[in-house]
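A.B. asks: Using the hints, position chain B against chain A.
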Amino acid sequence: MSDTLDITAHLHAARRGDAAALDALFPIVYDELKRVARRALAGERAGHTLQATALVHEAYLRLAAQHADWSDRRYFFGIAAAMMRRILVNHARDRAADKRGGGVMATTLSAADAVAANGELDVLELHAALETLAKLDERQARVVELKFFGGLEIDDIAEVVGVSSATVRRDWAMARMWLGRELAA
Amino acid sequence: MSGPAQTPEAWAALQRILAEVVHLSEPALSARLTELCGGDAALHAQALGLLAHRDALPERLSPARIAALLDERDIGETDDAWLGRRVGAFALDARLGRGGSGTVYRARRTDGFEQVVAVKLLHHRADAALLRRFERERSILAGLAHPHIARLFDAGTATDGTPYLVLELVDGVTWDVWLTQRTPDLRTRLQRFIAVCEAVEYAHRRLLVHRDIKPANILVDATGQPRLLDFGIAALLGGEGETTLTREGGRAMTPAYAAPEQIRGEPVTTATDVYALGLVLYETLTGRHALREPGDSDLALMRAITERDALRPSLRAAAADAPPIPPQTLRGDLDNIVLAAIEKDPQRRYGSARALIDDLEAWLAGRPVSARPHTPWYLLRKFAGRNRLAVAVAAVAAIGVLAAGAIALWQAHAAGQARALAERRFAQVRGFAGTVLFDYQEGIQKLAGSLPMQQRLVRDSLGFLEGLRAEAGDDRGLWADLAAAYLKTGDLQGNPYLSNVGDFAGAAGSYARALEALDRAAALGDAGPSRQFVRAELYARQAHLAYQDTKLEPARALYEKSLAQYAALPSDVRDDIEVTLEHADTLDFYGDLLGREGQASLLDAEGAHASYERARALRAAALARSPDEPRLAYAMYKSELREGEYQAGRNDMRRAQAALLVALHTIEGLSAKNPDDASMRREVALVYARLVGVQDALDDLDASVASALKALGIMEAMLAQAPDDDSIRQGVTATQGWAARQLIKAGRAAEAAPVIQRQIEANEVRLRAAPGNPEIEYSLSLAYRRLGEQRAAGGDYAGALAAHRRALALQQPLVAQSAEFALGAALSTFHIGSVALAAGDVAAARRELDAAVAALDALVTASPDAASYREYQADALARQGDAWSAGRKDAARADAAYRRALDAWDVFERAGVLSPHSAGKRDAVRARLVPR
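Heads up: the sequence lines are chains A and B, in that order.
Numbering-wise (the numbering used here), the first sequence opens with residue 1 and increments by one.
Numbering-wise (the numbering used here), the second sequence opens with residue 186 and increments by one.
Check each hint, because a few of them may be wrong.
As the list claims (entries may be wrong) - Residues from chain B shown here face chain A by an in silico Cβ test under 10 Å; the list is partial:
1) Q191
2) P193
3) A195
4) W196
5) A197
6) L203
7) A204
8) H208
9) L235
10) L236
11) A237
12) H238
13) L246
14) H1102
15) A1104
16) D1108
What the hints assert, rightly or not - Computed footprint of chain B on chain A; a stretch qualifies when at least three of its residues, placed anywhere within it, have a C-beta under 8 Å from a C-beta of chain B:
17) 133–139
18) 146–156
19) 168–179
What the hints contain is simulated information worked out from the structure, not anything from laboratory work.
All C-beta atoms, glycine included, are put in the ideal place defined by N, C-alpha and C.
Only chain B is shown next, with the shape it has when bound in the complex:
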């Protein structure tokens, strides 16, 4: 036994020492402890061992524990009455466990076959509706055969009416137990998690949603393979059923793993499962739930799920005592992947489990991922038009009627009515189908929240098209129609560039069917230019799928095949607006592929740019022919913006500015014509925001300030229209920060004051909605820093000091949570010292700058690879040197600081990354150094 104090006397003796030091903090604690132990090394070690655990035990029992009180212990007797009884063809042998939705028994067949299964008796009354659902769904669920899904063999009701499920018996432990017991490494965690995602993806392709994915529903067997349990059970129990907990309104969910839309009672889709997978991944990487805090009630948790943004996994892990994965490994791509999976708005999540798998596999293989961080730039992009929901609901209802009508009529046809009637109806059906597949589908895809309807549409369309294929015979017109219809259905299934239901394998199948149909039509003599256009579109679609699967060489070949089809079109067809739009888009996609970074074998920056230029030329020519076509004008804007970003990316800021100004002109024109379209105004703000950095790099501060103020004006107007939208407010605070910074930089500090005031207020509003959220607290502290800079620029040193102190007070409690926050605190100390120096308070300046340097030294020691820390360190050292040079000069200390600053910059120079700006600062410090 290594445990200390094995007897009451020893424990009492040890306590006499501990009581003296337990409330002290370092360094006083160590000093006093050493003194008290008086050289007794064993005693000292014991005391330290105990002190290390002074906060280990929680203050109080968690609510989750107390919830165990509600576990129905007295069920035991009635439960056991089931033992030995028969349910269907099975005899119940032993109770395996009990959960919220039912009790599980081990059971074996009684009809001579050797089969051991798990039988789950549901705590759910068998009403007529449930039995109907059982009848309808059990064959579908029983058809789910996937290595990572526990099979459902059968479902029914026992003689007393209790509903039961017969399930595959899995010998294993739940996911969370597996993680804590086996502590698998990161790669193993991700690979097993991907296997779970694949199971989900497999079911989604069959249009089945799990609705209750959580660690307790994933079992890991002895070989380490995960198995997802209870697929479709939540659905089987019905839209209003009970899986684990019943809330007001009877909605089914496990609160901790419910998606925001589930809590709001909105329709559950495949995106709901993606969200739950994201939460499981969050926990798998950090060991902690994304949103649950110790002591949260279910209600508080549900509020958090709908209202709060989860902390980045790396930050959450950094705050934990013993994170399973080092936070620095999570920072960046893995953070982005997890956050993209748990976006509150289903439309902004990964479109499918497949997309999540793709990013995780890309990460494992060291390839770039698609998930984007929440940079201010990205935040601006997030304002999708949200007011379209009402329209969506109306359109979805209309589609439902149409689709149902089409199917019914087709079935009437197939059932063999009188021939004349059948033919007349068949024509009607074809007309209906055309309407559904072409007009409405295009409308529906743009609408938010229409996913379940789209899934329905795909399922119905495919059935319908299969029927038509069987009937088509030698009807070449019908084959050509079928090709176009399969193309549209494929788009709805999985065109990565349109709203889709995430069934990429299904999409590939539909595109292949479409090409077959085109071939049939061509063989029957129908191969006109319009068919060739469909063919060009199909190759491009296949290329999208290959690209998204990172099969880059096949993608390139397919894009080239598509472009060759476009090139071979007669010019009058090629000039058609629809054709031009698709053709130019394909050129842009091809350019993206060629310009893709991190793929040296393919990288062809010039080829990429040439492709963009061709797209631009096509759009420009078409726009000259049809100047009033808004889709062409918008396409033109995309070309111009792309050119601006391309030039900015290669650091040609002059060209970038020129292109962005053209883009701005175009989009402002479009926005003026569509004053109600929020997405257009967002685009305008986006271009202005892009211009801020470009014009700053060109040293055109006035223009940069003007752009920042323009962006700010648009954003604040949008916020005024949607004052409850936190994501807009978040974007507004970021824009306020840039605008204030540019104003101060341009010597217009007085104008910055009201902007900063609004920035502080906006952050305070956000903080009131999410008290204690560290990211918002930090964001507020940055607004105070801006205030400090603004006041210092105006010569108000006392006010500046107060503002920086305020910032520091906000940052200090956050320091332990992440290096980013610690850096913020160090920089606030640096600002305080700098302002004191400017104000002539040399003693305070020396004290604060010494502290700032010490804090930055610690950060650099902890993260020697972080270049930005060393930049700040050099700046702080130079300022420290200034402080010790001021007033009554201490030459030795000043020189030491200056020399350390010079050393830091020299390191950058040797690495070839000394910026001209830093080189200038270095020269200034050299000049100040006393020559030896």
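The shape of chain A in the complex, shown without the other chains:
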């Protein structure tokens, strides 16, 4: 585990847009998200289901309690949403690679995989479409990342992005149509 100093440095660097610093933070946030998800799934907390919103908020509370540097809530949400996206994209890539390996897949998948393979939206396709959208309107792509992957509410997104809630709502509606159209093609 990295010490406090490192985290502080990475956080500052990442805030300046340093991709490597973001990578260094990845395992910390990832471990925390995973821990929270596991506890949710184990039913440790009554009424706590596996929802992105709950995961991100709880991970935030736990990390903020550990390190004062995490206490910028807006900033944490931004990282967490990007993390969620990255984890899921990596996971989907692994899955795709496993399937391609030799063209066979004779395994019993976990329940979660079975669900995901079952006609749900393809994370890799969404990821690619989001990257295209970012070229047309970067803020819209950001709003989608925060809302869809981070599970943030409109007002939280407005705070993170620094625009009005009405603008976020409009961005989401527009991006949702654009992505829907792109994914259906």
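C.D. replies: Chain B in isolation, oriented as in the chain A frame:
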């Protein structure tokens, strides 16, 4: 690229238009859009293309996706350490995938043979118990050779103790991927699914249960053939093991495909696999899981599996954006088949994978299927006595002791003890066996939840009987005993009319053995009338199997052979109660075969009725001789009920009523003698419910009301005793609806009020247990409609309007889900308009009835073949004409409506299906029409 807005500028420009219209709904949206695009057709098309997808992307990530976070990514390193290593005779070449229970590698033999296999390393610690199970089960599993089951070649533990399985390597994709990638047509889907069922059926005949059937466990190879994976693996991992997810208490299951009994921790049986097959079929037909809703947690899903009824597949498909199969194709038989496979109560499911296959094949061939819809009529039938479970548990334990004792003793005999001892023990064994096979087996078959015990009993009995056969030699008495024992064992294996374990091929084998044994006994000089009776029973059993296999001609020949044996019995034997009961049942079955609809070559309605009559005469004569025999009285009741249904079926309502009243008398007498028997009371309610329609058709409204109230009283009393039983409550709400309807119809609206109040309450109770369930919401709306009718009948128009509006408010959110709900909303609008007209509010009546007609027009356009829609359409048009005739008359509009109504009825007349009731309405409208 056809995608719109390829540059930031173009996208920004397009957004200016979209932002103006995205929150509008039709028709405002189209109008505004046309205005904004100002004739730019390309822009207009782009905007429309985007607007079509405004809800396509889900609002948020699904929990299943997030569960991927839990995938152990860091296992990678240790996993890869396996590459190149040897496990048994195999070297691991490449990792193929990883799942909840283990990691799978491609591997090849290292001892000179050319063989490529899949090796699955289990994420499961090898404790002593697991190793013992491996030892015990692997030869059984390795013996599973079926074209649609991936073979298990071997199982063992690697040098470090990791347990592994050596499996056939299947080159293919999982079932769900196959469905989404290949989008096979309905027939292909069903044929491949049947192949999977056959694999399951094959294993069930070997008394092996899969326990973890799901789309991810079915691979479809390049030729399109499915292969079931991991048969017996769940069992191999042990009763308390982990297949994919471990719950509190360590139960193994994949929550999404677990049967209710698995979630409750009850014993897993072949019925559990039938349930999972049903879920897979549901998904195969609708593209959606039967019970999982987006955003459900595992816990919510498990609660849904145990508590909620799945929506009919056709409704679920209708609610989907792009259903793989058109909902109207699913409606009816396929709905019923799927729902019969996923019944919550294992006893009410298909008894076997074979029964499911039979119905699917019947459907594919256009033959009638056995699965019954959940009509109110059927719902009444569903109240089986449930309090018998405690008795079952006790009886099963007793049987276990007896069977084990019998086997042990027989083995002692076979092991060659001292001759005297052996003979004495052999006699004991025979006695034990007789007890087990005859007395207890008959008891056990009636008990719920005894299937695993029955399977055990079959397996043990067959082994035991094989041993006896080898010993029988010239002992003719023993051969005769063997015949009777094989008959009983066959019944337990697969007599379709008794509780059975679903092994019909096994049953056929046992019946054949029984006939052979009878022949041996006869050749040795033992061919008395009691043997002849066994022979008659055996032919009838063989006929059941042929009938169920839809081999109808052979079935008929076998029933006739059986009946000929009965006819040839000496009269004193024929009059024996046991013989009479079986004989009469065989006559009923023969009648069912002859009267079977949809089989023109065999159909002989008169012959069927004659056979029923003979059965009835036999039972009546026996009852006259033994008036206190309850089984005969119940058999008599069955004859009377059958007569009533036969007469109702041919529309002779007078005879139907007479027969049903006799049946009622009989069953009420029986129920009075057995006040604790819930199934008897259910039968009483059933006959009353049957009488409601018959007496209504006879225009005897008072009698019909009395019958409805009687049925209602019994049902509500049953509910009071089992207030948590949703299926009873569902039956109660249906009965309340009929009772209220008949009361209103009979002009006794005031009496209907409390019944309707209770109907509303019962539906609200159901809705609280399953919030948002559209079928219950709709059922509640129908209770409000009844309330509206009741208030209107009493002249309370304001109250009636409020009730119908309430119904409409419940129906409106459901309209998009199915035509049935849309029709409900249209009819509520029609009622609102009609009440307004009766109350003299002509303007409101015109407005509402115009809307009702428009809604019904849309429904008729969408489903031109649905006759009932056009009936309602004609009624609404006639009422619309009345509205435009009332007050300040608008003759043109009134006439137009009347003429359209007349046209609608004329269509019925030309098709030869105009009912007298509708003809009467048509005459009334003609009289109102202004002559031209």
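A.B. asks: All hints are to be evaluated individually against the structure, with a verdict given for each.
C.D. replies: A quick look at each hint next to the structure:
| no. | hint | verdict |
| --- | --- | --- |
| 1 | Q191 | 8 Å, holds |
| 2 | P193 | 5 Å, holds |
| 3 | A195 | 8 Å, holds |
| 4 | W196 | 5 Å, holds |
| 5 | A197 | 8 Å, holds |
| 6 | L203 | 6 Å, holds |
| 7 | A204 | 6 Å, holds |
| 8 | H208 | 8 Å, holds |
| 9 | L235 | 4 Å, holds |
| 10 | L236 | 7 Å, holds |
| 11 | A237 | 8 Å, holds |
| 12 | H238 | 3 Å, holds |
| 13 | L246 | 5 Å, holds |
| 14 | H1102 | 47 Å, violated |
| 15 | A1104 | 50 Å, violated |
| 16 | D1108 | 54 Å, violated |
| 17 | 133–139 | holds (count 3) |
| 18 | 146–156 | holds (count 4) |
| 19 | 168–179 | holds (count 7) |
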